[in-house]
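*Asks:* So you can see what is in the structure, the chains are spelled out below.
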Amino acid sequence: MNQETLNRHPVYKQPMSATWWLSSRNYFLFMVREVSALFVALFAVSYLVGLYRLSQGEAQYTAYLESLQTPFAGLSFVVILVFALYHTVTWFSLTPIVMVVRLGTRVIPPQLVLLTNYLVWLILSGILFCLVGTS
Amino acid sequence: MAARLKTTDPFWWALFSAGGTLAAFLLPAHILITGVGISFGWIQPEVIGYQRLLTWLEHPLLKIYLLLLISLSLFHWAHRFRYVLIDMGLRSIKAPVAVLCYGTAIAATVATLVLLFFCL
Numbered sequence: 366m367n368q369e370t371l372n373r374h375p376v377y378k379q380p381m382s383a384t385w386w387l388s389s390r391n392y393f394l395f396m397v398r399e400v401s402a403l404f405v406a407l408f409a410v411s412y413l414v415g416l417y418r419l420s421q422g423e424a425q426y427t428a429y430l431e432s433l434q435t436p437f438a439g440l441s442f443v444v445i446l447v448f449a450l451y452h453t454v455t456w457f458s459l460t461p462i463v464m465v466v467r468l469g470t471r472v473i474p475p476q477l478v479l480l481t482n483y484l485v486w487l488i489l490s491g492i493l494f495c496l497v498g499t500s
Numbered sequence: 099m100a101a102r103l104k105t106t107d108p109f110w111w112a113l114f115s116a117g118g119t120l121a122a123f124l125l126p127a128h129i130l131i132t133g134v135g136i137s138f139g140w141i142q143p144e145v146i147g148y149q150r151l152l153t154w155l156e157h158p159l160l161k162i163y164l165l166l167l168i169s170l171s172l173f174h175w176a177h178r179f180r181y182v183l184i185d186m187g188l189r190s191i192k193a194p195v196a197v198l199c200y201g202t203a204i205a206a207t208v209a210t211l212v213l214l215f216f217c218l
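One line per chain: the protein sequences are A and B, in this order.
Counting from 366, one number per residue, gives the positions in the first sequence under the numbering used here.
Counting from 99, one number per residue, gives the positions in the second sequence under the numbering used here.
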């Protein structure tokens, strides 16, 4: 619907309070899920800052690495991790609903799709840990 | 045949979805290793030390990986956060909200691209 149509006909817009998501547990969890993206972005930005500091030279990059070891950074990363895990769990739970996998005429059970997600997640995390986490 | 595209939403949704999937599978491990791990001293900061990281970044595949990880995570944020702001009552300024969210993701993507491929 374009703006012109909207203006020609009176349209009822239901008023909505800014705190509607506090009125029920499900709304609240929905909002937590949506806000998790903010923490995903914060972490991406921390990598972007790292690349910028890396481009500036060794002293600047070392200072960045030191800033990662402050209590503030530690606390921030814990909060970011909690939201990232919530994102992962909710994203995986939605996958079997969004993506119905068919094999011929048979539908792969959604639980299997969910389980596969978790397995792939574990394997990828393991690979990352071996590649990055060990020197 | 050529139906005129009335909305750009499918394009942003595709980026949102790709970013959401990438973030779901890869970010917890990244956060645990280079974030929490280094902060709490479980992981030596040397694993992402200056020389080591520079040597890694000589490989174009790692540059592409980091670009996708950072950029798609931000497009994922942009799309979700756009609707969070609208749901929180910014419906009257829908257009500027969209420009601000997607614009931030685009700017950060350009910055990452320039840093990875021209400065490192």
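Hints listed in this document are in silico derivations from the structure and should not be mistaken for laboratory results.
Warning: the hint list may mix true and false statements.
Claimed, not checked - As a list, the in silico SDA-like pairs of lysine to any residue whose alpha-carbon atoms are at most 20 Å apart:
1. B/K161 <-> B/V208
2. B/K192 <-> B/D107
3. B/K161 <-> A/Y417
4. B/K192 <-> A/V400
5. A/K378 <-> B/R189
6. B/K192 <-> A/V414
7. B/K192 <-> A/S382
8. B/K161 <-> A/V414
9. B/K161 <-> A/Q421
10. B/K161 <-> B/G147
11. B/K192 <-> A/Q421
*Asks:* Checking one constraint from the list: CA of B/K192 to CA of A/V400, max 20 Å. Satisfied?
*Replies:* holds (18 Å)
*Asks:* A/K378 and B/R189 were given as a pair; does the straight-line alpha-carbon distance stay at or below 20 Å?
*Replies:* This hinted pair holds, its Cα atoms lying about 11 Å apart.
*Asks:* Could you grab the alpha-carbon distance between B/K161 and A/Q421 and see if it respects the 20 Å cut-off?
*Replies:* holds (17 Å)
*Asks:* Keeping to a limit of 20 Å between CA atoms, is the pair of B/K192 and A/S382 held or broken?
*Replies:* holds (17 Å)
*Asks:* Within a Cα-Cα threshold of 20 Å, do B/K161 and B/G147 meet the stated pairing?
*Replies:* Measuring from Cα to Cα gives roughly 16 Å; hence the hint holds.
*Asks:* Are the Cα atoms of B/K192 and B/D107 separated by 20 Å or less?
*Replies:* holds (13 Å)
*Asks:* For a C-alpha distance cap of 20 Å, please report whether B/K192 and A/Q421 respect it.
*Replies:* violated (38 Å)
*Asks:* Between B/K161 and B/V208, does the CA-CA distance stay at or below 20 Å?
*Replies:* holds (13 Å)
*Asks:* Sort out whether A/V414 lies within 20 Å of B/K161, counting only the CA atoms.
*Replies:* Holds, at roughly 15 Å.
*Asks:* Are B/K192 and A/V414 close enough, with their CA atoms no more than 20 Å apart?
*Replies:* With a Cα-Cα distance of about 29 Å, the restraint between B/K192 and A/V414 is violated, given a limit of 20 Å.
*Asks:* Going straight from one Cα to the other, do B/K161 and A/Y417 come out at no more than 20 Å?
*Replies:* holds (14 Å)
Checked against the numbered hints listed earlier, the structure breaks hints 6 and 11; every other hint is satisfied.
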